[in-house]
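All chains, full assembly: derive it from the sequences and hints.
Residues per chain, in single letters:
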Amino acid sequence: AQSVAQPEDQVNVAEGNPLTVKCTYSVSGNPYLFWYVQYPNRGLQFLLKYITGDNLVKGSYGFEAEFNKSQTSFHLKKPSALVSDSALYFCAVRAPTGGGNKLTFGTGTQLKVEL
Amino acid sequence: DVKVTQSSRYLVKRTGEKVFLECVQDMDHENMFWYRQDPGLGLRLIYFSYDVKMKEKGDIPEGYSVSREKKERFSLILESASTNQTSMYLCACRQASVIYGYTFGSGTRLTVV
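Here the protein sequences line up with chains W and R, keeping their order. Under my numbering, the very last position in the first sequence is 130; numbers go up by exactly one each time. Under my numbering, the very last position in the second sequence is 139; numbers go up by exactly one each time.
By construction, these hints were calculated from the structure, which means they are not laboratory data. A virtual CB, placed ideally from N, CA and C, is assigned to each residue, including glycine. It cannot be assumed that every hint is accurate.
Okay, derived cross-link-like pairs now, DSBU-like style, lysine-lysine, Cα gap no bigger than 30 Å in a straight line [to be verified]:
| hint | chain 1 | residue 1 | chain 2 | residue 2 |
| --- | --- | --- | --- | --- |
| 1 | W | K92 | W | K64 |
| 2 | R | K44 | W | K92 |
| 3 | W | K64 | R | K29 |
| 4 | R | K79 | R | K29 |
| 5 | W | K64 | W | K127 |
| 6 | R | K44 | R | K29 |
| 7 | W | K73 | R | K29 |
| 8 | W | K64 | R | K44 |
| 9 | R | K29 | R | K39 |
| 10 | W | K37 | W | K84 |
| 11 | W | K127 | R | K29 |
| 12 | R | K44 | R | K81 |
| 13 | W | K73 | W | K84 |
| 14 | R | K29 | R | K97 |
| 15 | R | K83 | W | K64 |
| 16 | W | K127 | W | K73 |
| 17 | W | K64 | R | K81 |
Quick list of the computed label-pair ranges, beta carbon to beta carbon [said to hold, decoys possible]:
| hint | chain 1 | residue 1 | chain 2 | residue 2 | range |
| --- | --- | --- | --- | --- | --- |
| 18 | R | K44 | W | G31 | 46 to 54 Å |
| 19 | W | S85 | R | E43 | 49 to 57 Å |
| 20 | R | E43 | W | L130 | 20 to 28 Å |
| 21 | W | K92 | R | D54 | 30 to 38 Å |
| 22 | W | Q60 | R | I86 | 21 to 29 Å |
| 23 | W | K73 | R | S123 | 19 to 27 Å |
Following this line, the structure appears as structure tokens:
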């Protein structure tokens with residue numbers, strides 16, 4: 016079975032500082048990994064994904080994530096946080112085969128960026 | 027860009043009512059999904075469909091059914107709504123290849139009283 020853990024319910028960071036939102040996963044085989052963002056009362060928006068290739072993936076709004084196979088992690092990062100980045104962030108994983116054709120999501124991390 | 031439209035943003039229904047949540051996508055995507063989102067639990071898959079008239083149970087299908095009569099439309103049905111089905115419901119679609127991510131609708135916040 017595939018699973019995702021987001022160990023922090025909330026992350027607080029000051030505007031202009033770097034931010035990290037953590038994600039670890041468990042899956043058979045090489046994972047497909049995704050990050051999504053959700054603003055209040057909205058659906059999820061795709062940020063970035065890792066399928067294969069370079070371990071550092073760049074996505075929308077200046078976000079990036081680093082795939083670390085040995086640590087089974089896919090942490091989301093941004094060099095300089097903005098107040099407008101405040102939102103709920105979800106990590107998701109699926110196996111390249113099997114897995115029922117579905118993504119498994121983490122429980123989400125609330126990011127709060129303060130002035 | 028793919029657009030996924032959920033017919034209602036907010037719904038209030040009574041216990042025991044039959045509830046229909048509608049989802050329509052404007053691209054020719056094969057796969058469609060229904061999730062519910064609850065605080066602290068993240069997104070949990072209810073049902074998905076990879077083709078017209080095809081459906082598969084997700085992780086929490088009890089109390090729900092689905093219908094996919096046309097490729098663009100995927101309906102979630104609560105046969106007899108209960109208060110523990112109060113939640114945010116999210117529809118998503120995806121192209122056939124698994125390398126693609128999902129496109130989500132804006133969600134329907136259902137309250138069962």
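For the pair supplied as a hint, W/K73 and W/K84, confirm whether the alpha-carbon distance does not exceed 30 Å.
holds, 17 Å
Honestly, do R/E43 and W/L130 meet the 20 to 28 Å range at C-beta?
violated, 46 Å
Holds or violated: 30 to 38 Å for the Cβ distance of W/K92 and R/D54?
Holds: the Cβ-Cβ distance is about 35 Å, inside 30 to 38 Å.
30 Å Cα cutoff - pair R/K29, R/K39:
Judged against 30 Å, a Cα distance of about 27 Å means the pair holds.
Proposed proximity, R/K97 with R/K29 (alpha carbon, max 30 Å):
With a Cα-Cα distance of about 14 Å, the restraint between R/K29 and R/K97 holds, given a limit of 30 Å.
If you draw a straight line from the CA of W/K37 to the CA of W/K84, is it 30 Å or shorter?
Judged against 30 Å, a Cα distance of about 14 Å means the pair holds.
Measure nothing beyond the straight line between the CA atoms of W/K127 and W/K73; if it is 30 Å or shorter, mark the hint as holding.
Judged against 30 Å, a Cα distance of about 21 Å means the pair holds.
Taking only the CA atoms, is the gap from W/K73 to R/K29 under or equal to 30 Å?
holds, 23 Å
Between R/K44 and R/K29, does the CA-CA distance stay at or below 30 Å?
Holds, because 27 Å separates the two Cα atoms, which is no more than 30 Å.
Straight-line Cα separation of W/K64 and W/K127 no greater than 30 Å?
holds, 23 Å
Would the pair W/K92 and W/K64 pass a check requiring their Cα atoms to be no farther apart than 30 Å?
holds, 13 Å
Measure nothing beyond the straight line between the CA atoms of W/K64 and R/K81; if it is 30 Å or shorter, mark the hint as holding.
holds, 26 Å
Checked against the numbered hints above, the structure violates hints 2, 8 and 20; every other hint is satisfied.
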